[in-house]
Amino acid sequence: MSAVHVAGVSKIFNQGTPKQVDALVDVNLTVEPGEFVSLIGPSGCGKSTLLRLIANLLEPTTGEVTVNGKTAAQSRLDQDYGMAFQQAGLFDWRSVAKNIELPLELKGWDTEKRAARAKEMLELVKLPEFADLMPWQLSGGMQQRIAIARALAAHPPLLLMDEPFGALDEMTREYMQGELLRICAETKTTVVFVTHSIPEAVYLSNRVVVMSPRPGRITEVINVNLGENRSEDTRAADNFFAGITAVREALRGTHADHANAGAIRGVEDR
Amino acid sequence: MTFVNRLRNFGVPFVFGVAFLAFWEGAVKFFNLKPYFLAPPSKILSQFFDNASRIWDAASVSGMNALVGLIAGTVFGVAMSFILSRFRFLNSLITPLAIALNAVPIFVLVAVLNNMYSITSEIPRRIMVSLVVYFIVLVNVAKGLTQVKTTHLEIMRSYAASDIQILRKVRVPNAVPYLFTALKISAPAAVITSFVSEYFGGSQNGLGSRITSNIANSKNAAAWAYVLGACLLGLVFYLVSVVLENVASRGSGATNTSTK
Amino acid sequence: MSIALVAVLWELYKIVGPEKGGKLFGIAILPRSNDTAMPHIWEMLSRYAEPEMRSPNSKLIWFVVLKGAFYSFRLAFVGFVIGSTIGVALAALMTRFKTIERGLLPYLVISQTVPLIALAPLVVSWGGKLEIFGFTWPRWLSASVLGAFLAFFPIAVGTLRGLKSAPAASLELMDSYAASWKQTLFKLRFPAAIPYMVPAFKLGASGAVIGVVVAEISTGLKGGIGRLIIEYARQATGDPAKVFTAVFGAAGLGLAMAGLVALADVLLMRNRPKETTT
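Chains as they are written, first to last, in this note's numbering: chain B, 1 to 270; chain L, 1001 to 1260; chain P, 2001 to 2278.
Treat the hints as calculated values from the structure; they're not laboratory data.
Nothing here was measured: the structure is a model prediction, and the numbers come from that model.
Mixed in with the good hints there might be a few duds.
Claimed, not checked - With a straight-line Cα cutoff of 20 Å, these simulated EDC-like cross-link-like pairs (lysine to aspartate or glutamate) come out: (1) P/Lys-2182 to B/Glu-105; (2) B/Lys-98 to B/Glu-64; (3) B/Lys-113 to B/Glu-64; (4) L/Lys-1043 to L/Glu-1154; (5) B/Lys-98 to B/Asp-132; (6) B/Lys-70 to B/Asp-110; (7) P/Lys-2164 to P/Asp-2175; (8) P/Lys-2182 to B/Glu-120; (9) B/Lys-98 to B/Glu-59; (10) B/Lys-19 to B/Asp-80; (11) B/Lys-188 to B/Glu-35; (12) B/Lys-113 to B/Asp-92; (13) B/Lys-107 to B/Asp-78; (14) B/Lys-126 to B/Asp-80; (15) B/Lys-19 to B/Glu-32; (16) P/Lys-2187 to B/Glu-123; (17) P/Lys-2187 to B/Glu-129; (18) P/Lys-2098 to P/Glu-2172; (19) P/Lys-2164 to P/Glu-2231; (20) P/Lys-2182 to P/Asp-2265; (21) B/Lys-126 to B/Glu-59; (22) P/Lys-2187 to B/Glu-32; (23) P/Lys-2187 to B/Glu-59; (24) B/Lys-107 to P/Asp-2265; (25) P/Lys-2164 to B/Glu-32; (26) B/Lys-119 to B/Glu-35; (27) B/Lys-98 to B/Glu-129; (28) B/Lys-113 to B/Asp-78; (29) B/Lys-98 to P/Asp-2175; (30) L/Lys-1029 to L/Asp-1057; (31) P/Lys-2067 to P/Glu-2172; (32) B/Lys-107 to B/Glu-129; (33) B/Lys-98 to P/Glu-2172; (34) B/Lys-70 to P/Asp-2265; (35) B/Lys-70 to B/Glu-123; (36) B/Lys-107 to P/Asp-2175.
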């Protein structure tokens, strides 16, 4: 059973009016459990829309979205996924620990269980001493780690992320990427990750889904084969740069150079 | 804004208003409410037109008090705020006083003021209105004169501009929107204060006294008509201040965030 | 310190100003500065320690004024509670149902520019005459109702703004948790609204005080500070310092209500980031 299955999905805003926007047209995508898949593309290509369709924050105009074998709507009600945005979106008036407990509160967990789980998540993101501090006392990177802890608090099988590191500086960003990979490996979470950054997409993912706008659609899906154990050294590796080139060229609308076949196991057309 | 949107934004409150009036009228008739409790809108309206000229007279008296006080309070408030911006130590003295006075029903001072003048004078009320307006204008305009963007000040200082030049070229333009915010608050406040002052005795020519006397004579519908007149007066003052604000800001091209 | 400034100015004027009042540009604008019209500051303060009336068993004035102020305070408090409850509830309703917001908000905003105080005598006239289901409307309730009425409008408008101020991303987050509207209201919207509600409550508190005091003076409601002011003002020719005692009492009342709100402000905003003001 795939983690996410998107079949023949379109999303059209303001259909029939002069302001019609074809955000997504005939999109098909399957994400296997445990995979890390990035969505990348210029503004207006529909990547954030696709993410929100998976999250059931939007309804598709046509087609079907299946998450964890259920409809997207049921998955949301069952809390089968956690979400993280570019703005950490922590509640100013709650302590760090209470922020992490939020989804658990909504599900009706009792106080002790919540506190224990929050503690566990804080250990996972390596910020255990910050439990009683307020969000505005933390740096941007730390706030994002708390946001990730919150997203994973209910141990969902799927993590949806919309440019979560976009507001961070480059050094923090690279550190967070490493942390994210570590956390997902530990929790065996499937991840769908939206980003603007080519190196980020290549560093993090098993597959990079390249999209383009007007109308929003998937143009290519690129397999990235950097292996399971990625580290800071991976960033200097040849196949890392090859992967980046492949994605960049796909974004420009040309096909990848097959000369680097050792790094890339073929390019799938949509 | 699309036509449908505009229709909705106007239409819905309109419908609510009409429904409310209809309910009011119906409730009075249906529950046979006594006139001393609630008069039906129809009667209020007819009383309004019957007494129109008297309402106008009373409104002019209250309105004149409000206007004189508004102008005087604004003038003194602006003048004082210039002084405060120049002598910052005064600022820390006076501003907390002004803010504390916000919470206090200072219109009770009218009772005191009435003693200081002859019984037929309108001066106590005008002074009261001026006082109320003065503090509002003072706090706001002082804020406008002092809270200037640091980058602006740094630029001026790099031009070796004198204090007066900074005042004219940076502080005053910065303070203009604050002045109009103060006006929008003070205009209704002036009308209200002018009213409330009338309850303390003294000359009996204004709207407030008329309302009380009508009630004392059990002419409730007439009293409501005077209330309507009062509301219209307040509305007029507010609208004038909004118009003034728009006229002034058209020249400057500054973007004002005005809450509707 | 600023109060000292006012006191100094007052005494200065007494020294400088004309005894019988003066004419400025032909208008009788300068007030009389003799001791009857403008008592000395120290007279005003000492008056507190003296008995209220010349009769042998009347209480000390500060006690009377305090009692009056406390009476009015209770009325204002009741009015404030009623007004804020209805205001907050209405704001929540308006957040839920956009139609209600569209229909009512213009009236709420306009009502802040209109002198609702004009209704004071009307509301007060219901006292003692109105009977609903065998419940006779007590006179003091009119004062509270008027206070509630004046408090309600700024509180409703401010709370609505606050409830709507929740960031869109946080609302999406709550959606992704399949949170109910009520859960979102209490866990997100209300906490986000607090910074907007506090200034609205301050306005509401002063509105409640104004409403109560005005209601008292337009009827002479027994027991309140408004009535004391009117009474003492009438006696001012014989006893000039007296009215000031009541005036200060009213000022104290206003400050007390504002103090309550400020206290709530401190308690509720403890954990929030401090706003930096230039």
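Here's how the hints hold up against the structure:
1. P/Lys-2182 to B/Glu-105: This hinted pair holds, its Cα atoms lying about 13 Å apart.
2. B/Lys-98 to B/Glu-64: The given pair, whose Cα atoms are some 36 Å apart, is violated under the 20 Å limit.
3. B/Lys-113 to B/Glu-64: Status violated; Cα separation ~36 Å.
4. L/Lys-1043 to L/Glu-1154: Violated. L/Lys-1043 to L/Glu-1154 sits at ~64 Å, over the 20 Å cutoff.
5. B/Lys-98 to B/Asp-132: This hinted pair holds, its Cα atoms lying about 8 Å apart.
6. B/Lys-70 to B/Asp-110: violated (27 Å)
7. P/Lys-2164 to P/Asp-2175: holds (16 Å)
8. P/Lys-2182 to B/Glu-120: Measuring from Cα to Cα gives roughly 29 Å; hence the hint is violated.
9. B/Lys-98 to B/Glu-59: violated (31 Å)
10. B/Lys-19 to B/Asp-80: violated (34 Å)
11. B/Lys-188 to B/Glu-35: holds (9 Å)
12. B/Lys-113 to B/Asp-92: The hint is violated at about 23 Å.
13. B/Lys-107 to B/Asp-78: Distance of about 9 Å is within 20 Å: holds.
14. B/Lys-126 to B/Asp-80: violated (24 Å)
15. B/Lys-19 to B/Glu-32: violated (36 Å)
16. P/Lys-2187 to B/Glu-123: The hint is violated at about 25 Å.
17. P/Lys-2187 to B/Glu-129: violated (25 Å)
18. P/Lys-2098 to P/Glu-2172: Between P/Lys-2098 and P/Glu-2172 the Cα gap is close to 18 Å, so the pair holds against 20 Å.
19. P/Lys-2164 to P/Glu-2231: violated (47 Å)
20. P/Lys-2182 to P/Asp-2265: The hint is violated at about 24 Å.
21. B/Lys-126 to B/Glu-59: violated (36 Å)
22. P/Lys-2187 to B/Glu-32: Violated - the C-alpha atoms of B/Glu-32 and P/Lys-2187 are around 35 Å apart, more than 20 Å.
23. P/Lys-2187 to B/Glu-59: violated (25 Å)
24. B/Lys-107 to P/Asp-2265: violated (31 Å)
25. P/Lys-2164 to B/Glu-32: violated (39 Å)
26. B/Lys-119 to B/Glu-35: violated (27 Å)
27. B/Lys-98 to B/Glu-129: holds (14 Å)
28. B/Lys-113 to B/Asp-78: holds (18 Å)
29. B/Lys-98 to P/Asp-2175: Within the cut-off at roughly 18 Å; holds.
30. L/Lys-1029 to L/Asp-1057: With a Cα-Cα distance of about 32 Å, the restraint between L/Lys-1029 and L/Asp-1057 is violated, given a limit of 20 Å.
31. P/Lys-2067 to P/Glu-2172: Roughly 53 Å between the alpha carbons, so the hint for P/Lys-2067 and P/Glu-2172 is violated.
32. B/Lys-107 to B/Glu-129: violated (26 Å)
33. B/Lys-98 to P/Glu-2172: holds (19 Å)
34. B/Lys-70 to P/Asp-2265: violated (47 Å)
35. B/Lys-70 to B/Glu-123: Distance ~31 Å between B/Lys-70 and B/Glu-123 Cα, so the pair is violated.
36. B/Lys-107 to P/Asp-2175: holds (13 Å)
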